[in-house]
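Produce the entire structure from the sequences given, and follow the hints as far as they go.
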Amino acid sequence: MANLRDIEMRIVSTKKTSQITKAMQMVSASKLNRAEQNAKKFVPYMEKVQDVVGAIASGTKDSGHPMLMSRPVKKTAYLVIGSDRGLAGAYNSSILRRLQAIIDERHKSKDEYVILAVGRVVRDYFAKRGHNVIGEIVGLSDQPTFADIKEIARKAVGMFTDGTYDELYMYYNHFVSAISQEVTEKKLLPLTDIVPSSSTAAYEFEPSGEAILEVLLPQYAESLIYGAILDGKASEHASRMTAMKNATDNASELIDNLSLSYNRARQAAITQEITEIVGGAAALE
Amino acid sequence: MKTVTVNIVTPDGPVYDSEVSMVIAKTTSGEIGVLPGHIPTVAPLAIGAVKLKGQNSEEFVAISGGFIEIRPDKISILAPSAEVANEIDLARAKEALARAEQRLAKKQDSIDFQRAELSLKRAMNRINVHEGNI
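As you go down the protein sequences, you meet chains A and B in turn.
Once you know that position 89 of the first sequence is 89 in full-length UniProt numbering, the rest is easy, because the numbers rise by one and skip nothing.
Once you know that position 18 of the second sequence is 18 in full-length UniProt numbering, the rest is easy, because the numbers rise by one and skip nothing.
Any given hint might turn out to be false.
Here are the computed lysine-lysine pairs in the DSS-like style, where the Cα-Cα straight-line distance is at most 27 angstroms [what the hints assert, rightly or not]:
{"hint": "1", "chain 1": "A", "residue 1": "Lys245", "chain 2": "A", "residue 2": "Lys31"}
{"hint": "2", "chain 1": "B", "residue 1": "Lys51", "chain 2": "B", "residue 2": "Lys74"}
{"hint": "3", "chain 1": "A", "residue 1": "Lys48", "chain 2": "B", "residue 2": "Lys53"}
{"hint": "4", "chain 1": "B", "residue 1": "Lys106", "chain 2": "A", "residue 2": "Lys155"}
{"hint": "5", "chain 1": "A", "residue 1": "Lys40", "chain 2": "B", "residue 2": "Lys74"}
{"hint": "6", "chain 1": "A", "residue 1": "Lys16", "chain 2": "A", "residue 2": "Lys31"}
{"hint": "7", "chain 1": "B", "residue 1": "Lys121", "chain 2": "A", "residue 2": "Lys155"}
{"hint": "8", "chain 1": "B", "residue 1": "Lys94", "chain 2": "A", "residue 2": "Lys150"}
{"hint": "9", "chain 1": "B", "residue 1": "Lys51", "chain 2": "A", "residue 2": "Lys48"}
{"hint": "10", "chain 1": "A", "residue 1": "Lys48", "chain 2": "B", "residue 2": "Lys74"}
{"hint": "11", "chain 1": "B", "residue 1": "Lys74", "chain 2": "A", "residue 2": "Lys41"}
{"hint": "12", "chain 1": "A", "residue 1": "Lys48", "chain 2": "B", "residue 2": "Lys26"}
{"hint": "13", "chain 1": "A", "residue 1": "Lys150", "chain 2": "A", "residue 2": "Lys75"}
{"hint": "14", "chain 1": "B", "residue 1": "Lys106", "chain 2": "A", "residue 2": "Lys150"}
{"hint": "15", "chain 1": "B", "residue 1": "Lys121", "chain 2": "A", "residue 2": "Lys150"}
{"hint": "16", "chain 1": "B", "residue 1": "Lys51", "chain 2": "B", "residue 2": "Lys26"}
{"hint": "17", "chain 1": "B", "residue 1": "Lys51", "chain 2": "B", "residue 2": "Lys2"}
{"hint": "18", "chain 1": "B", "residue 1": "Lys2", "chain 2": "A", "residue 2": "Lys48"}
{"hint": "19", "chain 1": "B", "residue 1": "Lys53", "chain 2": "A", "residue 2": "Lys41"}
{"hint": "20", "chain 1": "B", "residue 1": "Lys26", "chain 2": "A", "residue 2": "Lys41"}
{"hint": "21", "chain 1": "B", "residue 1": "Lys26", "chain 2": "A", "residue 2": "Lys150"}
{"hint": "22", "chain 1": "A", "residue 1": "Lys40", "chain 2": "A", "residue 2": "Lys186"}
{"hint": "23", "chain 1": "A", "residue 1": "Lys41", "chain 2": "B", "residue 2": "Lys51"}
{"hint": "24", "chain 1": "A", "residue 1": "Lys41", "chain 2": "A", "residue 2": "Lys186"}
{"hint": "25", "chain 1": "A", "residue 1": "Lys186", "chain 2": "A", "residue 2": "Lys75"}
Chain B stretches covered by chain A per the calculated footprint, using a threshold of three residues with CB under 8 angstroms from any CB of chain A [claimed, not checked]:
{"hint": "26", "region": "9-19"}
{"hint": "27", "region": "65-71"}
Some chain A residues judged to face chain B by a derived CB distance under 7 angstroms, without partners named [unchecked claim]:
{"hint": "28", "residue": "Lys41"}
{"hint": "29", "residue": "Pro44"}
{"hint": "30", "residue": "Tyr45"}
{"hint": "31", "residue": "Val49"}
{"hint": "32", "residue": "Val52"}
{"hint": "33", "residue": "Thr145"}
{"hint": "34", "residue": "Tyr203"}
{"hint": "35", "residue": "Glu204"}
{"hint": "36", "residue": "Phe205"}
{"hint": "37", "residue": "Pro207"}
{"hint": "38", "residue": "Val215"}
{"hint": "39", "residue": "Ser223"}
Hints were generated in silico from the structure; no laboratory data involved.
The beta-carbon is built from N, C-alpha and C at its ideal position, and this holds for glycine as well.
Laid out in structure tokens, this is it:
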């Protein structure tokens, strides 16, 4: 049996760890709250944009806009949304594992694809393995605004338009609930899956349908990226909250076990002392 | 007087939602004034001010691009960013203006130049809307 002092020290240090994880859990819980609100605030914008894009795209057939056209794929881009920091359970690893599997399956050489990374963990993972990381954002705030991500969104859309790559996929953790997030793949560009809106309002276009698509489609793609980042952020906080909750639970279980051994050891020591005293007294008689 | 609902939405949330009797916006091909009952129209917007005329009030909103969707009973403006005049952070806009001017003075490559020009426009637009000289 370990000696009393050692056990006591382990109890103290485990308690301190659990205080930290508990605090991190609560911080993540409040951040998750904010992130969910942000995601909610974004919904009306997204719906409206989708609505108008649908109406215009169904109104002007064969507009020939480059962002709507599928072309032979020579190069694929993956936009991967992860986090800057770890301690978020399987948040980053599940997305990286999935993407790695897909890359291994679809591509033979590293020249066939490029990576756009959001989050330090993602960037480091791909940079270290010698993949071609052509864009990154690190140090994104916990509550990103549209202005924060505009740069990478515009870059991602711009590089598709100028032919750097021919299709763009987005990988992120979709927030299902506080305890469940799922890795989601979304084909962003070309925009082939625009749902024609049901409201058959025949719009007048000022100056023309094409000119509007020119403005609208990049804005649409950028908002899809922003939506995914908001979703990813909510998942990150949820995932970190769950991870920290598990850590706290484990710590308290460990503390319970340790206290039990501590008490046992203490009891054993007392028993031994009494036996010694009694033995000593008996020897004197 | 007839009125129409106006919504101004940005990715960071709704900015404005109210009944007005006339909207004046600056599109890329010129200014348009929209009254209630307008035929459905979509038009891209330039960086500029949107004027919202109520019964006996007038409000200005600074818009940085985006587009306007008009329906007979509802007008939606979707912009990357938008601020109602009295919510504009003047200090920040002035800072951005100074930064953009500085960058323009250096005259680097064309992409940076374009971006600086755009941010200059946005900053000036915010300052103008805030000060009410449109």
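Okay, the hints, checked on the actual structure:
Taken as a hint, the lysine 245/A and lysine 31/A pair is honoured in the structure, with Cα atoms around 15 angstroms apart against an allowance of 27 angstroms. Taken as a hint, the lysine 51/B and lysine 74/B pair is honoured in the structure, with Cα atoms around 16 angstroms apart against an allowance of 27 angstroms. Taken as a hint, the lysine 48/A and lysine 53/B pair is honoured in the structure, with Cα atoms around 23 angstroms apart against an allowance of 27 angstroms. Our distance criterion of 27 angstroms between C-alpha atoms is met by lysine 106/B and lysine 155/A, whose separation comes to about 23 angstroms.
For the hint linking lysine 40/A to lysine 74/B, the alpha-carbon distance of about 22 angstroms falls within 27 angstroms, and the restraint holds. Of the pairs offered as hints, the one joining lysine 16/A and lysine 31/A holds, with about 23 angstroms between alpha carbons and a cut-off of 27 angstroms not exceeded. Between lysine 121/B and lysine 155/A the alpha-carbon distance is near 21 angstroms, which keeps this suggested pair within the 27 angstroms criterion. Between lysine 94/B and lysine 150/A the alpha-carbon distance is near 21 angstroms, which keeps this suggested pair within the 27 angstroms criterion.
With a C-alpha separation of about 21 angstroms, the suggested pairing of lysine 51/B with lysine 48/A holds against the 27 angstroms cut-off. At most 27 angstroms may separate the alpha-carbon atoms for a hinted pair to count; lysine 48/A and lysine 74/B meet this at roughly 12 angstroms. Straight-line distance between C-alpha atoms of lysine 74/B and lysine 41/A comes to about 20 angstroms, which keeps the hinted pair within the 27 angstroms bound. Restraint check for lysine 48/A and lysine 26/B: the C-alpha separation of about 20 angstroms stays at or below 27 angstroms, so the hint holds.
Using a Cα cut-off of 27 angstroms, the hinted pair lysine 150/A and lysine 75/A holds, with the two alpha carbons roughly 23 angstroms apart. Distance check on the hinted pair: lysine 106/B and lysine 150/A sit about 24 angstroms apart at the alpha-carbon level, within 27 angstroms; holds. A C-alpha spacing of about 17 angstroms is found between lysine 121/B and lysine 150/A, which places the hinted pair at or below 27 angstroms, so the restraint holds. Simply put, lysine 51/B and lysine 26/B have alpha-carbon atoms about 9 angstroms apart, close enough for the 27 angstroms limit, and the pair holds.
The hinted pair formed by lysine 51/B and lysine 2/B meets the criterion: a straight-line CA distance of about 17 angstroms does not exceed 27 angstroms. For the given pair, lysine 2/B sits about 24 angstroms from lysine 48/A by alpha-carbon distance, which is consistent with the 27 angstroms threshold. Simply put, lysine 53/B and lysine 41/A have alpha-carbon atoms about 26 angstroms apart, close enough for the 27 angstroms limit, and the pair holds. Distance hint between lysine 26/B and lysine 41/A is fulfilled; the C-alpha atoms sit about 26 angstroms from each other, no more than 27 angstroms.
Between lysine 26/B and lysine 150/A the CA atoms are separated by roughly 23 angstroms; this keeps the pair inside 27 angstroms, and the hint holds. Under the criterion of a C-alpha separation no larger than 27 angstroms, the hint pairing lysine 40/A with lysine 186/A is consistent with the structure, at around 20 angstroms. Straight-line distance between C-alpha atoms of lysine 41/A and lysine 51/B comes to about 24 angstroms, which keeps the hinted pair within the 27 angstroms bound. Proximity of lysine 41/A to lysine 186/A is assessed by CA-CA distance (about 22 angstroms); at most 27 angstroms being required, the pair is judged to hold.
With a CA separation close to 17 angstroms, the supplied pair lysine 186/A and lysine 75/A stays within the 27 angstroms bound. Coverage of the region 9-19 of chain B by chain A holds in this model, with 6 residues showing a Cβ closer than 8 angstroms to a Cβ of that chain against a need of three. With 5 residues carrying a beta carbon less than 8 angstroms from a beta carbon of chain A, the region 65-71 of chain B meets the three-residue requirement, and the given coverage holds. Look at lysine 41/A: its Cβ gets to within about 4 angstroms of chain B, closer than 7 angstroms, so that hint holds up.
Residue-level restraint check for proline 44/A holds (minimum Cβ-Cβ distance to chain B is 5 angstroms; threshold 7 angstroms). About 5 angstroms separates the beta-carbon of tyrosine 45/A from the nearest beta-carbon of chain B, less than 7 angstroms, and the hint is met. A distance limit of 7 angstroms between C-beta atoms decides the matter here; for valine 49/A the minimum to chain B is near 6 angstroms, and the interface restraint holds. Nearest Cβ of chain B to the Cβ of valine 52/A: about 5 angstroms, under the 7 angstroms cut. The hint holds.
Hint on threonine 145/A holds. Least Cβ distance to chain B is approximately 5 angstroms, under the 7 angstroms limit. Restraint check, tyrosine 203/A versus chain B: the minimum CB separation of about 5 angstroms is within 7 angstroms; hint holds. Residue-level restraint check for glutamate 204/A holds (minimum Cβ-Cβ distance to chain B is 4 angstroms; threshold 7 angstroms). Look at phenylalanine 205/A: its Cβ gets to within about 6 angstroms of chain B, closer than 7 angstroms, so that hint holds up.
Interface hint status for proline 207/A: upheld, as the beta-carbon distance to the closest one in chain B is roughly 5 angstroms, under 7 angstroms. Proximity of valine 215/A to chain B holds as hinted, the smallest CB-CB distance being about 4 angstroms (cut-off 7 angstroms). Nearest Cβ of chain B to the Cβ of serine 223/A: about 6 angstroms, under the 7 angstroms cut. The hint holds.
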